[in-house]
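Single-letter residue listing:
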Amino acid sequence: MKQIFKLILGLIIISLILSFWFSYKITFKITFGFFYLFFLPGFLLFSKKTGPTATGNKDGIDNIEKFCLSFALSLSILAISVFFFSLIGVKITLFNVILIITGFLLFLIGFKRKKLSFSAIEGEICGKFN
Amino acid sequence: MTKENKIIFFLYLILIFLFSLHLKPIIYQTSYLFFALLMGFLFFQQKSEKEIKISKWLIIIPIIIILFSRIIPLLGNKVPLGYDTGIYKKFIEDFAEALPNLPDFNSGKSVIQEPIGLYLIADLLHLLGFNGNQILFGFCIFFDLLLGLGIYSVVKKYFNLNAAILAFFVFSISITQFQTYYFLYYKNILALFLMLMVIWLLKEKSYLVIPVAAFLGGVHQMTFFIFGLTMFITFVFSREKKYYLISGFFILILAVSFYIKNPGTILNLLPEINIFSLISSSNKAYSGRFFDFSVYTQIAAFYLIFSVLGFIHLIKEKRFDYLFFWYLLNLLIIFSGFYFYNRFIVHFDIIAAILAGFAISLIINKVLPTGYGQLAVLFFVLGTIYFLFNNVLSTKPLISKEELAEIRSLEQTTEENAFLISSISHYSPWLFGYSGRKIIAPGMFEYDTKWTEEEWYIFWQTENQNIRQQLLDRYKRPLYIFVGDIDPYQLKFKFSSDPSFQKISQRVFQYKK
Numbered sequence: 000m001k002q003i004f005k006l007i008l009g010l011i012i013i014s015l016i017l018s019f020w021f022s023y024k025i026t027f028k029i030t031f032g033f034f035y036l037f038f039l040p041g042f043l044l045f046s047k048k049t050g051p052t053a054t055g056n057k058d059g060i061d062n063i064e065k066f067c068l069s070f071a072l073s074l075s076i077l078a079i080s081v082f083f084f085s086l087i088g089v090k091i092t093l094f095n096v097i098l099i100i101t102g103f104l105l106f107l108i109g110f111k112r113k114k115l116s117f118s119a120i121e122g123e124i125c126g127k128f129n
Numbered sequence: 000m001t002k003e004n005k006i007i008f009f010l011y012l013i014l015i016f017l018f019s020l021h022l023k024p025i026i027y028q029t030s031y032l033f034f035a036l037l038m039g040f041l042f043f044q045q046k047s048e049k050e051i052k053i054s055k056w057l058i059i060i061p062i063i064i065i066l067f068s069r070i071i072p073l074l075g076n077k078v079p080l081g082y083d084t085g086i087y088k089k090f091i092e093d094f095a096e097a098l099p100n101l102p103d104f105n106s107g108k109s110v111i112q113e114p115i116g117l118y119l120i121a122d123l124l125h126l127l128g129f130n131g132n133q134i135l136f137g138f139c140i141f142f143d144l145l146l147g148l149g150i151y152s153v154v155k156k157y158f159n160l161n162a163a164i165l166a167f168f169v170f171s172i173s174i175t176q177f178q179t180y181y182f183l184y185y186k187n188i189l190a191l192f193l194m195l196m197v198i199w200l201l202k203e204k205s206y207l208v209i210p211v212a213a214f215l216g217g218v219h220q221m222t223f224f225i226f227g228l229t230m231f232i233t234f235v236f237s238r239e240k241k242y243y244l245i246s247g248f249f250i251l252i253l254a255v256s257f258y259i260k261n262p263g264t265i266l267n268l269l270p271e272i273n274i275f276s277l278i279s280s281s282n283k284a285y286s287g288r289f290f291d292f293s294v295y296t297q298i299a300a301f302y303l304i305f306s307v308l309g310f311i312h313l314i315k316e317k318r319f320d321y322l323f324f325w326y327l328l329n330l331l332i333i334f335s336g337f338y339f340y341n342r343f344i345v346h347f348d349i350i351a352a353i354l355a356g357f358a359i360s361l362i363i364n365k366v367l368p369t370g371y372g373q374l375a376v377l378f379f380v381l382g383t384i385y386f387l388f389n390n391v392l393s394t395k396p397l398i399s400k401e402e403l404a405e406i407r408s409l410e411q412t413t414e415e416n417a418f419l420i421s422s423i424s425h426y427s428p429w430l431f432g433y434s435g436r437k438i439i440a441p442g443m444f445e446y447d448t449k450w451t452e453e454e455w456y457i458f459w460q461t462e463n464q465n466i467r468q469q470l471l472d473r474y475k476r477p478l479y480i481f482v483g484d485i486d487p488y489q490l491k492f493k494f495s496s497d498p499s500f501q502k503i504s505q506r507v508f509q510y511k512k
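Protein chains in written order, with numbering that gives the first Met the number 0: chain B, 0 to 129; chain D, 0 to 512.
For the record, the hints were derived by calculation from the structure and aren't laboratory data. In this text the structure is predicted, and so the values were computed from the model without any measurement. Mixed in with the good hints, there may be bad ones.
Each computed DSSO-like pair below joins lysine-lysine, with the alpha-carbon atoms no more than 30 angstroms apart [unchecked claim]:
1) D:241 <-> B:65
2) D:437 <-> B:90
3) B:65 <-> D:202
Throw the hints in and build the complete structure from the sequences for me.
So, in structure tokens, the structure goes:
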């Protein structure tokens with residue numbers, strides 16, 4: 000619970016900093032929307048890889064690697080899904096995109112329910128810079 | 000030195016000598032060879048027993064260097080940076096205007112000739128509330144930073160933490176990477192970041208590589224080409240053929256499907272990528288707008304040596320993996336004069352930074368324990384930072400603010416259905432993005448359909464007004480020509496003495512005949 004609070008607090012702080020340049024409504028939309036669309040899908044996909052990897056790198060996977068991979072995966076999944084949904088006639092609106100990604104996230108969580116608890120995700124996101 | 004080490008050291012010397020051939024003047028070449036020799040001896044010495052652990056927090060240094068070097072050129076400049084800026088601006092706007100759909104690819108617009116990956120992302124950022132400038136410049140800096148962090152991730156994965164931090168540092172002080180940003184090769188930057196993540200996932204043998212590599216294919220064809228080529232060679236030499244075969248198959252299917260709406264983007268490229276017709280180093284027309292390898296060796300000299308050492312180390316360790324083939328194939332592409340070979344220098348610089356970071360991490364263990372060694376490292380760090388910022392501070396936009404203002408004013412001073420000829424390719428992207436008119440540009444966009452390459456040269460060089468008029472008569476009216484301050488063919492002078500032209504502003508002529 001404490002970690003969820005930290006995460007939300009972090010996003011709120013970013014929103015407040017950005018509000019020096021933009022309106023509150025826009026900054027909250029940008030910060031939370033960006034996190035939800037451009038980071039979370041990739042992060043959930045990748046979240047099982049936490050400790051030292053099979054390839055023998057003793058340092059394991061750190062937060063920077065996780066951040067980069069989450070971002071790359073989210074970008075790719077987002078672009079691919081939006082492109083294919085638009086091919087079958089789904090309009091590219093923010094509501095539809097959020098719906099698509101929410102569906103994807105629910106699928107992922109359902110698929111990995113046994114392996115992945117939400118507290119593990121929180122730990123990943125809010126974990127200390129190691 | 001063992002016999003094997005002697006052979007490898009000899010190979011290193013040959014490679015270094017080949018690179019040094021591009022260096023001028025002779026004093027620079029000599030110092031370079033001397034430095035290379037010294038580093039070579041240090042590298043091939045016995046492995047240091049004491050392993051120095053670089054603090055992870057030092058990663059802050061390259062992050063700060065990247066942010067400062069990318070933001071400084073934007074401050075106080077009323078004219079945007081870049082060469083492709085206008086093209087990206089126009090396409091981002093075209094995609095945003097078409098929302099909630101994709102643009103009409105059958106409308107004959109030049110959007111047909113572009114991979115759409117970047118613009119899909121731009122659409123989503125637009126939906127979140129970001130404006131064109133934030134997407135164009137802010138996110139370009141963000142992706143450039145991600146590219147650096149991508150290098151860190153890959154090097155950490157393939158080598159170790161020390162090498163990762165050092166490779167990230169090499170990337171941050173690379174003038175080539177700064178120039179890539181300065182020219183605003185946006186797709187190139189995003190695609191290279193994706194390619195690094197793909198390499199990371201390939202090492203992990205993860206099937207998550209499929210969406211990332213497929214999206215890479217939808218963002219930038221050149222980067223996808225070098226990725227595909229390297230993956231294919233790795234597949235040939237790999238024992239785990241099943242993994243490469245399955246992932247390669249799905250990557251290809253998904254990547255190609257990004258071109259369902261605009262297959263011309265790939266099909267138009269095929270006749271141009273003819274290995275036999277294009278492998279010719281003298282073919283400057285297909286070299287791509289970037290500096291050539293001789294300039295590259297000058298500005299990357301101080302880490303190119305280390306990259307060769309890293310490459311040699313891979314040979315020594317018989318690590319014929321993805322990084323090895325990337326370095327080798329990229330070098331071959333550049334030296335063979337393949338299609339857009341100068342633009343492949345950007346890709347080569349990334350793998351050079353990766354291998355250089357690793358080689359430096361090995362040398363630093365032997366150097367840092369001594370006082371002189373620490374001084375040398377300090378000189379190296381400060382010298383390279385100085386070298387980069389000297390370049391950053393002397394960087395100016397490619398066109399003047401007066402030229403851009405005149406291009407912007409064309410929307411008011413010319414008719415909506417007017418055609419506008421770009422006098423030289425230097426101005427084409429700016430006219431395309433900022434004039435709001437149909438652009439006829441040498442070798443670019445959709446309206447350059449009436450003249451061959453030879454006829455463009457006739458248009459530029461002829462002193463005969465009738466011949467020039469005959470060429471211009473092929474186009475519909477109203478027809479304008481923009482002649483900027485860079486005027487190598489003295490068109491302003493030629494048009495001023497030709498009664499069929501009317502000067503409507505300082506740099507714009509109307510063809511009236």
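Hint by hint, here is what the structure shows:
1. D:241 <-> B:65: holds, 27 angstroms
2. D:437 <-> B:90: holds, 29 angstroms
3. B:65 <-> D:202: The hint holds at about 15 angstroms.
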